[in-house]
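Participant: Here the protein sequences line up with chains A and C, keeping their order.
By this note's numbering, the letter at position 40 of the first sequence is numbered 40, and the numbering carries on one by one without gaps.
So this note's numbering is basically just the index in the second sequence, starting at one, shifted up by 309.
There could be a bad hint or two in this list.
[What the hints assert, rightly or not] Distance ranges between label pairs, derived from CB positions:
id	chain 1	residue 1	chain 2	residue 2	range
1	C	Gly325	A	Asn55	48 to 56 Å
2	A	Gly114	C	Val333	15 to 23 Å
3	C	Ala548	A	Pro27	42 to 50 Å
4	A	Ala108	C	Thr349	28 to 36 Å
[As the list claims (entries may be wrong)] Per the computed footprint, the stretches of chain C lying under chain A, defined by three or more beta-carbons under 8 Å from a beta-carbon of chain A, are:
id	region
5	329-343
6	457-467
Hints are computed from structural coordinates only; laboratory data are not their basis.
Note that the Cβ used here is the ideal one computed from N, Cα and C, for glycine as well.
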Amino acid sequence: MSEHRTPVSLRGLPADDPHLQGAARRPELVERVLALSMLVGLVLIMGFGACYWINAAPWTLGATMGGGLFFLGVGLVGWGKYLMARGPFVEERHALASAPEERDALAAALVERGGALVKRRRVLGGLVGGGLGVFGIVAVFPLLRSLGPLPKGTLFHTDWRAGSFAVDITGRRIHVDDLAVGSVVTVFPEGTQNTSRGQAVDQTILIRLSNENFVTEPGRATWGPQGYVAYSKLCTHLGCPVGLYEQQLELLVCPCHQSMFNVTNGAIPEFGPAPRPLPQLPLYIDAQGYVRSQSDYHEPVGPGFWERS
Amino acid sequence: MSGVTSTPRARRRAHGRYGRVSQVVTEIDERLGVARGGRTFLDKIFPDHWSFMLGEIVLYSFVVLLVTGVFLSLYYVPSSTVVTYHGSYLPLDGMPMSQAYASTVNLSFAVRAGLLMRQMHHWAADIFIGSMVVHMARVFFTGAFRKPRELNWTIGVTLLTLAIVNGFLGYSLPDDLVSGTGIRIAYSILLSIPVIGTYLAFWVFGGNFPGTVILERFFILHVLVVPLVMIGLVGAHLALLVRQKHTQFPGEGRREDNVVGSPMFPVFMAKTTGFLLIVAGVIALLGAFAQINPIWQFGPYEASRISYAVQPDWYMGFLDGALRIFPSWSFHSFGHTIPFEVTIPAVVLPGLLFGVAYAWPALERRVTKDNAIHHLLDRPSDRPRRTAAGAAVLALLAMLFVASSTDVIANFFHVSLNTVLLVMRVLVLISPFVAYPIAYRIAKEMHAWHGAGQRKTPNVVTRTDEGEYRAEPAPAFADDAEEPLAPTPVPDFIEEPPPPPPSRGTRAIDR
C-alpha cells in the first residue's frame, strides 16, 4: 500500500519531513542488499583488472567488466530509488515567453537600428551579401570537382576487348575443355583479374550450357561457341555479383535481392526487382581452344543510371 | 581575534557555515557567479516515469559508442591498400586483403580486449538506434513534440538520420565481404538518382566503384564529421530539455505550470549515473557473450564474390526490404533511364518517411488548430487518430523489415521464394490500412472505458452463514477517493468531446 503524499516544494522543507525520507520500509535490509550488489560489482571490476593483466579470454573481460558495471549500477539506482528522498517534489514552471514589452523592445532594436542601417547603406549591405552569396556558389564547384573525376563515358565500357582472353581469378586462361556442361566460372579479361576495376566492373560469369553452339537470343548466333555463354556478373538491380547458379533450373540468382536470370534465353529476369537482362558477352574459341571475347559488351553493365539510354 | 582567524580552520569557517565546501563555492562564485544558477540546477525537478528512461538509454549507449570508438580508432587502419595477412588468425593466413580488413581482424585477435571493444561498439550502435526509435515513438504517442518542443523534435529526427548514416558508415569500415557488398549497393543507389546520380556517385567514391578512397572518406566521416555534429546536436537536445523542463503525465498535483518528480541532486543523479553503469554493463555483457558481426568468417571483400543471406544491420532492414519487394519498374525513354526499381524504395521512400517525421508537429498543428503550450502529456488513447497514424507507420516499417529476410524465410519454412515475395508485397501494402483502424479502435475503447487510468479495486468474496458465496467489489482505494485526479483539461481539438464517463482520466500514480 502506498502512502498518500502530496507533492511539496524542496525549498524550505524541514529536515524531518517525510518527503525527505527514503521509500524503503526496511532501510537496513535494503542497504545490506545494495551493499552486497556494489561489493559484487567492486570484486568483478577488480577481476576485470586481473583478467586483463593475465590476458584471459575476451569473454572473461566482458563478463567481469559488464557484470561489475551492472552490479555497481544496480546498487546506485537502488540507493537513489529506495534510500534517498522519496518526494514527490514540485517545482513551478515559469512561462518561457518574455513579457510583451521585452518582445517589442527586441523587435524595435532589430527594425529600427538594423533597418536604418540597411536603408541608409543599401549598397554596402548588398555588396557584402552578394559577395558572400557568390562565394558560396562558386566554392561549391571546385569542392565538388576535386572530390572525383566526372563520369564521362567510363560507365559505358568494360575492359573486355576484341580478342581478350577469359581468365579465372588466378589468371589461368580458360580452355574449351575446362568446363563440363552445367559448370560455371567467374572470368575476367586477362590482366585485370587482380585489379579493383577488373573485380568490380569486368567480372563475367562463364557458363557451359551444352556441347554445341548455344544461341540465347536471335541475333546472337555466334556468341555461344560450343555451349559457352558469358554474362556480366553485375546484377542489373544494384550491382551485386550474381553469384548463385541454380544448375537444374539454369537460373542465375543474385543473393542480395533475389533477382533470377534465365541463362538459356539471354538472362531475362524471371523474378525479383532486376529490370533488365544481364548483358551477354560475345565469345569465340580460338585455334588453340581458348575462350576469348569477340568485343566489349554491347550495352553498359550493372545497375541503371540517368545517362543510360 | 586575529590569532583565531589565522588558523586554517577558522579561515575556512570565515567563508560560511560549511567549511571547505563553502570555501570552494565562494572561490568559484567570486569568479564565475555560479551560486544561484548552481542551486537552481541542483534543485531541478525531473518527473519520474519509466518511459522517460528510454532517452537515457540512447544517451548512455552513445557514451559507450564514443569510448569504445576511440579505442578502436587507435588500431583500425583506414586503407584499401592490399596486404598479405600473416596474423594470429590462421585460417586467413597468406590471404590478400585490404589493410582495413587486416587491421580489423588484427584488433579482434591480437589486441588485448580488442574483440570485446569491437563487439561492444557494434552492440552499442544497434542499441543506440533501437532505443532512439523507441524513444521517438514514446515522444510521438504521448504528444511530447507539441508546442513548445517542436525544435527538439526536429533535432531528434536529425539525430536519428545521422545515427543511421553513421551506423552504415561504421558497418562498412571493416571492408569484409558483407559490408563491401553494402557499399556496392550504396554506390548503385547514388547512381540511380536522376540527372545528378552519376556525378554524385563519382564524387562520393572518387571515381567508378570501388575507387581507392572510399574507406578513408567513410572513416573520417564516421569518426569525426558525423560524431561532431551529433555531439553538438545531443548537447542542444539536452540544453533545450533543461530550458523547457521535462514534460509529465497528468496526475495528482501535476499541472501545466509545474513539474513533479525527483530533484536533480542527489536522487536523479544517483539513479541516472547508476543507469549509465547498467547500460554500459549490459552492453559489455552482450559484447562478451553474444557474437556480433564475425568479419573473419565472412572473409575480405572482393567485388566478384558474394555470400548467401546478405543482410544489413537491423536499422537498414526496412530499406533492404523495400528494395527486395519493389517491382522492376525501370523507366527508359528519351535516351535516359530512371531506375524506379531503386530510386523509389531507396531514395523516395526514406525521404518521404523522414519528411513526414520532420513535418509532423506542423501537420498536426494545422489539423488541430491547437496553438497552445503543452507540458502535460497525452495518453496514447487520448488521441486515437495520432496513435493510429503512428501505428500505421510502425506496421509498414515492421513489414518492410521482415521483407529484408525473404530468402531466409523461404529457406526456413521451405516455401517458394516467389510465394514469400508475393505475400510480403501484399503485407507491406495492407499493413498500414490494417493497423490504423485496429489501433484507432483500441484507443477509442480504452478512452471510453469506465475507470480508464484508475487502479482496479479487488473483489471481496464473502461467505454467508448459509454457505452462500458472494463477490462484491471493494471500495475504491483511500487515496483514489481522496481527490479525483482528473488531468488538467487539455483542449481536444482532434476528437469530438467524449461522452461524459464518470471518472475519465482519473489516475493515481503509485510511488
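Participant: Verify this for me: three or more residues of the region 457-467 of chain C with a beta carbon less than 8 Å from a beta carbon of chain A.
Facilitator: violated (count 1)
Participant: Does the Cβ distance between Gly325/C and Asn55/A fall inside 48 to 56 Å?
Facilitator: Given about 52 Å between the Cβ atoms, the range holds.
Participant: Holds or violated: 28 to 36 Å for the Cβ distance of Ala108/A and Thr349/C?
Facilitator: Roughly 31 Å apart at Cβ, these two residues keep to the hinted range, so it holds.
Participant: Please test the hint of 42 to 50 Å on the beta carbon pair from Ala548/C and Pro27/A.
Facilitator: The hinted range 42 to 50 Å is violated for Ala548/C and Pro27/A, with Cβ atoms some 37 Å apart.
Participant: Using a Cβ cutoff of 8 Å, are there at least 3 residues of the region 329-343 of chain C near chain A, or does the coverage claim fail?
Facilitator: violated (count 0)
Participant: Gly114/A and Val333/C, beta-carbon distance inside 15 to 23 Å?
Facilitator: 44 Å, violated
In summary, the numbered hints that this structure violates are 2, 3, 5, 6.
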